[in-house]
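Visitor: Mind docking chain B on chain A? Use the hints.
Each chain, letter by letter, is given below.
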Amino acid sequence: MTIRRKEPEMNARTEVLDRIRRALADVPASERPQDVPVPRRYSHGGAPPTGSAAAVELLAERLAEYGASVHLVSTQDAASRLGRLVAGLGPGPVVVPRGFPPEWRSTLDPDRVLTDVPALPVAELDRAGAVVTTVAAAIATTGTLVLDGGPGQGRRALTLVPDVHVCVVRARQVMASVPEALAALRPARPLTFVSGPSATSDIELDRVEGVHGPRTLAAVVVT
Amino acid sequence: MNDATFLGMPAFPAAAAGALRDSQLRGNLARATGTIRSRRAAAVSEQDDWEHLREAGRAVKERTLRHLDRYLLQLEEKVTAAGGTVHWARDAEEARRIVVGLVQDTGEREVVKVKSMVTQEIGLNDALADAGIDAYETDLAELIVQLGQDHPSHILVPAIHRNRAEIREIFLRSMGAYGTAAPADLNDDPRRLAEAARRHLREKFLRAKVAVSGVNFLVAETGTAVVVESEGNGRMCLTLPETLISVAGIEKVIPTWQDLEVFLQLLPRSSTGERMNPYTSTWTGTRADDGPRAFHLVLVDAGRTEALSDPVGRQVLNCIRCSACLNVCPVYERVGGHAYGSVYPGPIGAVLSPQLRGTASEVDRALPYASSLCGACYEVCPVKIDIPEVLVHLRARVVEDGRGRLVPKPERLAMAAARWVISRPARLTAAQRAGAVAARLVARRGRVGRLPGPLSRWTDTRDAPVPPAETFSAWWKRTRR
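Residue numbers (this note's numbering), protein chains in the order written: chain A, 2 to 224; chain B, 102 to 582.
Chain B extracted, bound-state conformation:
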């Protein structure tokens, strides 16, 4: 896998244990996710038809995915007719090669970039660097991550793990090396920090000849691309350069212009908790009198058709990258985004990454377990992805993959033993009595902590209360005779 930024990261249980010990990280996350949760709740509560919008959003995505080939061909035809060029990439390597080649064709040595999950996913910046091309991230949070030589940890706000004081430090330390330095008297007022980013990036926007963007939506019917943003860095990249290269997963297409009315209502309220984000840009091909002279659209598969082939898992391709599921997730709030070992963290990452990358690696096999299955993610999902359903489905797949091993996993032995015990009432009663006695022997202060040997695989990640001295069935027999 080309997930270069996360190469060598430990699987979720080990990474999460480390993250949990970082009290600064936990404080930053609790504060930020708490703020955005209440803003989202307020924005959603004033939209009376919210559930109808969610259902329409889900249905539009289902229609699209079940006829994806048709909509992609329609999109290609419309974009081409409007003066754009469409490229297809089977995998990340091919997508990188296409984009690098397009930049080289312009003769330019630098590009400005507007935040794009798919270019993170395919590791585009490293490929550009290898080709001697400087790529400047222009989204504020991406800039913080890039200047801090850090990894993104949230879909919407990749620098969510950083607080204002840390951001000030990064700006003071690193901005000067890449262009306009931060003012020496910079403090940690968010307005001053935003102002420093404005000054730093201004010269880059004004001289840029090539921009690389992602897209939020592609309208098949009209060939229109849509970018939803806040800061205006997107508008700068989409408007000022001569060449625009937009990279999109094949699932970004929607059938009609009317369908956009659903998503332009769902996305901002779910994402930043705003009625509408400050800026949304739409463009169709190229125009002689406005914007880039050349427009390239790179459509990327990179595992999406693999996810599409699973009728249960397919729904993850509904995702519009709002990040509401991250903000409500009790697991994400405590461990942060890095522990997931993927550019897509949180609940959606736990179901998306193992489908895009497969479950061959330890990181990807651990991801379906990075959840308590509480279901909060499904409640807030604007396109109704049943994340708990897919998590359980993927856990089954991971277990299935383990079948046929010469030495069965301890978990499989334990499950076989459990089946033998619970299939006869007498065996169950005896086991419960024995268990209660044993547990009371090893417990400390009413909890069962670390157990020895293979049992530690279970107890390392959870405590259990001590079972009562009398089981329910024993109590029933004694009192209801």
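Only chain A is shown next, with the shape it has when bound in the complex:
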């Protein structure tokens, strides 16, 4: 970065801020942001309650509506169901991020499992058949799975480049609404909200599933 370019940028900052203050001459100097009321009479969620059977059912319905496959399984059956699901996905390595629960990982074919330690080059991710992760939260009303890069989720590229994404969700992570989920999430982490497989509305404004992100999204919800 050269001094030559930095100098006018400093001026630009001052000038843009000056212009804003001049443009807002009608705003009283004593006014504080909180003096402009923001009525929050919209729903803050809470129904159905987090982790309830109704919340899980709603999540499953909404995910399925947007083209994800949904598998509701009991805690005892989770590992074997996940193993069968991944075995049935067709060939290719399966990426499993660090921190994925060992009891679930143990059912995956060890010859196919790829770990991201050290970080896999993007070309290798492109050759992988699938990725299996946990989630940070799920939103029932909108059919949304949220990843925050925490244990079992990995960096963002892992869940983006392979063509199949299998998510394991625990019932207690399923919240009803967007406000509840945002309050529970940490904005300092890179977040990805996933609502169904990749899609587009760019051809005649109708929805078509499957563009650049994973074209198959499967959710295993452990109740």
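Everything labelled a hint here was simulated from the structure, so no lab data went into it. This one's a predicted model, so the numbers in the text were calculated from it and none came from an experiment. All C-beta atoms in this analysis are idealised placements derived from N, C-alpha and C, irrespective of residue type, glycine included. A portion of the hints provided could be inaccurate.
Residues from chain B that face chain A, not an exhaustive set, calculated with beta carbons under 7 Å [what the hints assert, rightly or not]:
| # | residue |
| --- | --- |
| 1 | I137 |
| 2 | R299 |
| 3 | P412 |
| 4 | E490 |
| 5 | W577 |
Below, simulated SDA-like cross-link-like pairs (lysine to any residue); rule was C-alpha separation at most 20 Å, straight line [what the hints assert, rightly or not]:
| # | chain 1 | residue 1 | chain 2 | residue 2 |
| --- | --- | --- | --- | --- |
| 6 | B | K485 | A | P38 |
| 7 | B | K510 | B | T460 |
| 8 | B | K305 | A | R128 |
| 9 | B | K305 | A | V123 |
Guide: Only chain B this time, still in chain A's reference frame:
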């Protein structure tokens, strides 16, 4: 103005007249806007608290705009603390120079781009090309526009004026020149078209070192940037390259993380008619173990402070670029986006462009009139921009600009004459009688069509029914004596 892609376009009345004669265009638009209108209506109707969300969205934007300097400074501090670099641009030229310079600093000769209205607005792609840098649009509709050497015509779906058969033609003809060609047996099934785009762009995503994006929201409190998308091209651009340059209008900032809960509910339902769009990404600065190593945020004024200085017009800066107002607009549905001569078409474009660019040009002076003032745009606006109010306000400004001309406009002469006539009941009665007689003389099949001389300025764009032989006041006097 640097609106390079639209340079030399005629003003709205002439452009609209041309567009109306294009039956293919009208068919494509009617079909697409009809589909999205019903999807939006369904998505909104299942959200019981919709009106409360709209009011909260409007109020958050009002709070932000009235204290914009404070929130921008807070944003800058948080982004910088999280490892990002913030740049400020007074105008389009400065924004282009900053972005081109940042790409040159990396030594790379190509960038991948995720759909961004502001980079269209500032004409970034041409500036990159002039510097020898290839910019690849990765949004499907932007790709269609770029490969077709075309202009965008819709905020959300820039290729809305193209149907599937035309898209197939463009892919077959042009993809090979820029990378992986379309398969020879490509048909017009939307799934096959999407697949062709996936294959074409894959290699570009995987090798890209620099990405340029817009943003949907910037959270001042946390320094978090938000991109809302569908296809995953956004995630590719935000995640895989080493350097990310995000360009944002200064009005994109919102105060708090909690405020995001309002907009993440309003935007998808208004925009694509989905409960939630497939992918939303949020990031705060840079991280050692995930995503780009360098993050640059370019904050652009380019006329926004001009709009901010107008207490009535200021509300257009609430806009979250959902495009619901385009999809419900009877004018947009018939003429399409190109007729507006701006990257922001439709009702929002008619109020935004003349404020960002000023009303010096004929194109921008015509835009506040590109509306029937039916009010459908206000009904669907998720942040309650009173577009009809701003349209009328801007029409007044355009008329004001005309005052003081040595030769008054015919419209002003007509209005002065009208004032003289309607200020005395006797004059009005006489004028109505004379008008009815005259109109019946020139009418054909019950309509008044083209009138001669200066009157044609009015009749060229509208037909009027023939006035009845007897006026209302004459009828009243005759029957209620």
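Visitor: Hint by hint, say whether it matches the structure.
Guide: Structure-based check of all given hints:
1. I137: At about 4 Å, which falls below the 7 Å cut-off, the nearest Cβ of chain A leaves the hint on B/I137 intact, so it holds.
2. R299: holds, 6 Å
3. P412: holds, 5 Å
4. E490: violated, 17 Å
5. W577: violated, 47 Å
6. B/K485 - A/P38: holds, 15 Å
7. B/K510 - B/T460: holds, 17 Å
8. B/K305 - A/R128: holds, 16 Å
9. B/K305 - A/V123: Status holds; Cα separation ~12 Å.
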